[in-house]
Amino acid sequence: MSPLKLTGFTLTRRRSAEMAVILVLLALLLVAPTFFARISVLFFILNWIVLAESFNMFAGLTGYVNFGHVVFYGVGGYVSALLMVNAHASPYVAVIAGGLASSLLALGISLPTTRLRGAYFAIATLSINEAFFVTFDSWDAVGSAPGLSLPISYYQPVVEYYVMVVVAIACVLSMYAISKSKFGIALQAIRQQEVTANSIGINAAYYKSLALVFSGFFAGLAGALAIWQITFIDPPSAFNVTITVTSISMAMLGGLGTVIGPVIGGALLYELTDLLGLSYPFIHLIILGVIIVGVVLVIPDGILGASRRVLTKVRGRR
Amino acid sequence: MLLAELVVLGLAYGLLFGVLALGLTLIWGVMKVVNIAHGDFVIVGAYSSYWLFVLAGVHPILSILFTAPFGFGLGIIVYLGLVRRVVHAPELMSLFLTFGISTLISSLLLYIYSPNQRAISVTFPSINGLGVVLPGNVAIAAAYAVVVATLLRIFLTKTYWGKAIRAVTEDSSSALLMGINPEAVSMLAFGIGVAIASSVGSVVMLLQAVYPTGGSEFTLLAFVIVVLGGLGSPFGALLGGIVIGVVDNVASLYLPAAATPAIGFIILVIVLIVRPSGIMGAKGR
Amino acid sequence: MNRNTYKSHTSNSEMLAFGESKARRAISRTAGIGIVVLLLIVALGGAYYYTTTLGSATTSSSSGQTTTTTTTTTPYTGPTKITIGMTMPLSGSLASDGVMSLDGLKMWAASVNASGGIYVKSLNHRLPVQLIYYDDTSTASVVATDYQQLVAQGVNFLVAPYSSGLTLAAAPIAETNHLLLISHGGASDSIWSKGYKYVVGVLSPGSQYAIPVLQMLENQNSSTPLKVAFFFGNDAFSISVKTGALAFINSTSGKFSVVYNQLYDESATSYTAQLSQIQAASPDVVIGGAHFADGETIVKNIQSLGLHFKMVSLLVAPDDPHFLSDLGSLANNVAAPSQWESNLDFTHFSPYYGNITGAQFLSQFQSSFNMPPNYEAAEAYNTGLVLQRAISDSGSLNSTIVRNQLSSENIWTFYGNFQIGPTGIQSGHTMVVMQWQNGAKQTVWPRAVATSPFVYPAP
Amino acid sequence: MGDLLRLTQVAKRFSGLEVLKDISFEVAEGEVLGLIGPNGAGKTTLFNIISGILKPNSGRVVFASKDITGLPTHRVSRLGIARTFQIPQPFAEMTVLENVRATLLFSNPRPEGKLPRDAKEICEMVGLGGRLEQPAGSLSAPEKKRLEVARALASSPRLLLLDEFAAGLTLSESSWASEMIKSLSKDYGVTIVWTEHVMKILMRSVERVLVLQSGEVIASGTPAEVVKNELVLKAYFGGKPA
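Protein chains in written order, with the numbering used here: chain A, 1 to 318; chain B, 1 to 285; chain C, 1 to 459; chain D, 1 to 242.
Hints in this document: simulated from the structure, not taken from any laboratory.
All residues carry an ideal CB built from backbone N, CA and C; glycine is no exception.
Each hint should be verified, as a subset may be incorrect.
Unchecked claim - Derived coverage of chain D by chain A (criterion: at least 3 residues anywhere in the stretch with Cβ under 8 Å from a Cβ of chain A; other residues may be distant):
| # | region |
| --- | --- |
| 1 | 70-79 |
| 2 | 105-114 |
To be verified - Straight line, CA to CA, 25 Å or less: simulated SDA-like cross-link-like pairs of lysine to any residue:
| # | chain 1 | residue 1 | chain 2 | residue 2 |
| --- | --- | --- | --- | --- |
| 3 | B | K32 | B | R85 |
| 4 | C | K194 | A | Y92 |
| 5 | A | K182 | D | P111 |
Claimed, not checked - A few chain B residues that face chain C, going by a derived Cβ cut-off under 10 Å, partial list only:
| # | residue |
| --- | --- |
| 6 | T123 |
| 7 | V210 |
| 8 | T213 |
| 9 | L253 |
With the hints as constraints, model all of the structure from the sequences given.
Right under this line is the structure:
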C-alpha cells in the first residue's frame, strides 16, 4: 500500500463533528465584522497565524530555524506599499505582488544558505534580515528611514479583513496539504536525518528551497496585508527581529511541525499580549516573559503535545 | 592618517566585541545553547555599575570587581533554575527559553528603572602616539578586553575545569567517558559566560548610554561575531570581534554613514557561503 | 525524563500518517482540542469586549430609563465624563518619550479634575476627564488595533501616540471614525500632507526645528559665509529637520555654506570616524543629532578626539536634564533647538490660557513624578490644555465641532502660542534655542525671551 | 558482462592531509567485494565519495557505464547505489515501517529488480517483522543495523555499500549478517561492497578482498590469498599472523 493513499478520507462520526466545528468557526469568522467592532484584532490574529504557520512551514517541517523569517514579511510589505504609493496599484494586485516578491527572495536566500547547518543557518538568515533592514533604512527610493505611508483611500478595514481570512485559510490548508504529501514526508525525513534522506534519493536542497519559497510566499502576503491595514511602513516595523521571535514563540507554543499548532499558538499568544497590553500597560511584558519561561518548563512540547500527553495518561488510567 | 586612526579604534572596539562574544561562544561550545539573553546580562552589568557609581561613587572600572562575580552568581542561578532543563532539548527550545529570559530581564529593568537612558561621565585622557589619537575610554575598554581574554586563556589551558570545558566543547561524549561531570561544566560555563557579559556591561557604561531594552543590540552583535569566527571557538570569537570592529569603523570612510551597519552582516553572509562553519569553525559540523 | 518529553514533542508521527488509524485518531483528537481552545479564545475575547464596549453603552441607557420614570425634576442623562483615548510607547524603543508624554497628560487630567472638570455648554454640565491609555510597545500594528479598541469603547477624543510613525498608523482610524486626533509628539511634516482633516498638531513640525539656530547664527555678524556641518541621525524626524534647515539656508543666499552633510546610524557605538571627517571639512559649527544616547555619545567623542567647534547644536539630547548629570562639564556650551523651556514666560500674551506658568509646570511635575520634565511632558500637557479650551469654547463633545473650533483658536499657554494652519499643522508655536552655560540651562534665542546671551564662539 | 562500478585514481585530501591516494578498482556485476583496512584507512571516505556525499579531488567514479563523479547523493541513490551507515542513522521519529516506506516512496525501482517492493515484506526479510510499529529511535543497536539494511534494500539497489556492517554485532547476529549478504547476492542479484576492519566475518562471505591502508590499496585477491600476503600481515596485523 502506498503511503500516499493514507491521505484518503473516511467520514467517521468524530470527523463529521470536527467538520461541523470548523464550519461554525469559519462562519463566525465570516460574520464577525457585523457584530465585532474591533475587527483589526481578528485581522491581526489571522495575520500572526499566517506568520507563525509560514514559519512552521519551513522550520517546523525541516528543523532549520529561519531566524530571518521577518525579511519576507518586510519585503512583502514594502513591495506592496511601493506599488500602492508609487503606481497606485489595486491593493489586491499589490498584496499578491508582495507575496510573489517574497517567494522569489526566499528562492534567492535558499540557494546559498541551505548548505548551512543548525545555528549557522539561523544566524546567516538573521544577518540577511539585518542587512535588508539597514539597506532599506538608508535607501531613498524605498522611503528610507521616514518610511512610506499609504493614501487614506486604501484604508478599508472590512475588505482587508476578508482578504486576510482567505489568505489565512489558504495558508493553513497549504500547510495541511504539504504535510500530507510526498513533499511533507521528504521534509520530515530531512528534519530527522538529512544525510540519510539524501542517500535514499531525496533531493534535500531542492525540497528545502521549495519549503522556504512557500514559507516566504505566505509571510510576504502577511506583510503586504499588514501594511494595507496599518497604512504605514518603515524599516523598524518591517524588519523587526521581534516579529520573527514572536512567530517562533507562537509556533512553539501551539506545537512546532503540526498543522493546527501555530493556529492555536498564534491566536492564543496574540490575544494574550493584546489583552495584557490593554489591561496592564506597564507590566504586560513581565507577565509575557514569565509565561514564555513557564511554557518551556511546563509544556515544552507545546499545547498540542501537552494535551496529547495528558490524554494518553488519562486513557492509561482508565 | 585618518585610516590608521580608524583601524586602531576598530581594533580597540573589536577586542571588546570579541570578549563580549567569548561569553556567548563558551556557552554554545559546552551546551549548544544559543543564549538570546546574553545582551540583557550586559545591560544588567551596566545598570549595576551605573548605580554603584551614582549611589556610592564607585568607578566603573572598579565596579567590574562586583559585576563579574555578580554575573557569575546570576548565571549559575539562571542555569540551575532554567537553562539546565533545556540543555538536551532541540536547539529551538533553548532559543525560546532564553528569549523568555531576555524578555523578563529587559521588562523588569524597564519597570524598575524606567525607560530613560543612563550614562555616566567618567573620561580618561586620550592616548596620542604616532599621530594617532585613541580616546582614553576606548583604550581602557581594550585593555580590559585583553586582560579578560588572557585570564580566560590561562583558565582554559592551565586549570582542570578549564580543560574540562575544552574537552566537553570538543566532544561531549568522550569527555563523559573521561569522567568529567558535564553538568558541573555546563554550570561553570554558563556562569563564566554571564560573568563576562555582565563585566562588559561595566565597560560599556564608559562608552555609551544604556537603556533597559538595549540588550538585543549586544546579543545581535555577539551572534554575528561568534558565527563569523566559528561557533565554539574562543580564538575565532576574538578574531571575529576584531574583523567587525575594524570593518565597522573603516567602512564609514567609504560608505554613507547610515549604511555602514550592513557591512558586518554582509561580510558574515559571504564568509558563511565560502566557509559554512565560520573562519575558525570545525569542518563538517 | 526531560529527554522523553522532548521526544514526544518532536514525534510528529501523525504527519507521516502511513495509513494507520491510530495516527488518524490522534489528528482528530488534537484538531478537536485545537478547535475547543480557539472557541474558548473567541468566547473569552467576545466577553471581554462585550463588557468593555457594549457593556458601558447599556449601563448608561438603562440608568437613563430608571431616572426618567422615578424623578420629577429634569435629570441629567448625558455622559458623565469626557473620555480621551490614546496609546503610548511605554515599552520598546520609544518608551522613555512615551512615558514622559503620558505623565504630562496625567498631570493635566489631574489638574482639570481637581478643578471640577470641563464645563460643556451643550450639556450644561461640568464633566471630569478620563484618560484611557494602552501600551503600543512602540509598534505600529499595536497602534492600529488599540485605536480601534478606543473607537469601539466610544471615547470622545483621541490623542496621538508619541512619534511620527506611530501617529501615521493611528491617523486613518481617527479620520475614518471622525474623531479628533491631537498630535503632541509627531513632528514629521508628512503627517499633515495626507489630507487628514481630524489630525491636529500642537508642536512645531520638524522642518521648523533648526531654523531658530540658523537665524541666531545669521545674527552673529560673520562677513564670510559660515561653514556648517550637518550631522543628523537617520530617522524620519531628524531628516525632516535637516530638510527644513537646508531649505532655510537656500533662502538666505550666501550666508551659509554646507561643508559636510551626512546622516549617521543612531545605534553606532562611536562616531569617531565621521567626526574626524567633519573635522577635516573644518566647519565653524556642527548642527545635527537625533535622540538622546547618540547625542551624548557625539559630545563625548568630540571631547575625546580633542575637537573644537564654534558651536555644536544637537536635537533632543541637550534638552534632557540627564544631559548635564551624565556629561557634567562636557555639557557646557552645547546648544539645542527646543520646543519649550520652563524658564520661558508667555503670561503677558493674551489670551493666556491655563492658569499655569512654565515655572509652575516644572515644580508641579517635579513633585508629582519625582523627576524634572522635559519638553515632551510639556507638549503633552499643552495638548490637554488646547483640547480643554476648544471643548469649553465650542461647548461640545462632538469631535467635528471641536476640530472646527481648533481652527479658529489663537491662544497662548505656558508652552507658547497655539494656532493651526488649514491642514491641522501647527503654525503659531515657535522654537527657541537653549544652551548649557556653567551647568545651567539658558534660553538664548529669540532675544525677546532669552535668559542669557548666546555664548559664541564657544571658548 | 562489464564492471558495475569502476574507480579510477580517486584521491581525496582534507586540509592537506591525503586520505585517499589514487585508488583504482572495479566491481563486477553480482560480485561481493570485501574492503578491509584498519581504522582511518579511508574506507568510509571512499564510500562517501562513491555515494556522492564527498567529492574527490581527482579521479573518476563510473557506475553502470555512467560517470557519477561528484554527482549529488540523491541522484547517485536514484541510479541504484544504496548504502548503510557505520553508525546507523535512521529517521528516529518514524516507525520501522515508515522508514522503509519513505525510502520506497523516493526510490527509483528498476523493472528487472527482484527485491520486494512491499515495506512489510522487506522488514520481515531483515528480521524486523515484529518491530514494524516501533519508532526507529527506540530500536536496539543490532536492530538499527537491520533497519539500515532494510532501508537500503527498499531503494532496490544494484549496488549495496555496507559500511562496517558487522562491527558491534554478537557472533550469532554477525553470522545472520553474512547469511543475508550471501542470499542478497545469490537470490536477488545485488552487487555488494562490504567494508569491515575485522577480517574474520567478512572472509566467510566475500569472493574477493581489497586491503586498504593509509589511503592506498596494498593488496587484493581472494580471502585466502590476502591472508597470506606479507604486506597485509605486516601493515594490518602488525606482523603477527591472524
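Outcome of the hint check:
no., hint, result
1, 70-79, "holds (count 6)"
2, 105-114, "holds (count 4)"
3, B:K32 x B:R85, "holds, 13 Å"
4, C:K194 x A:Y92, "holds, 22 Å"
5, A:K182 x D:P111, "holds, 22 Å"
6, T123, "holds, 7 Å"
7, V210, "holds, 8 Å"
8, T213, "holds, 7 Å"
9, L253, "holds, 6 Å"
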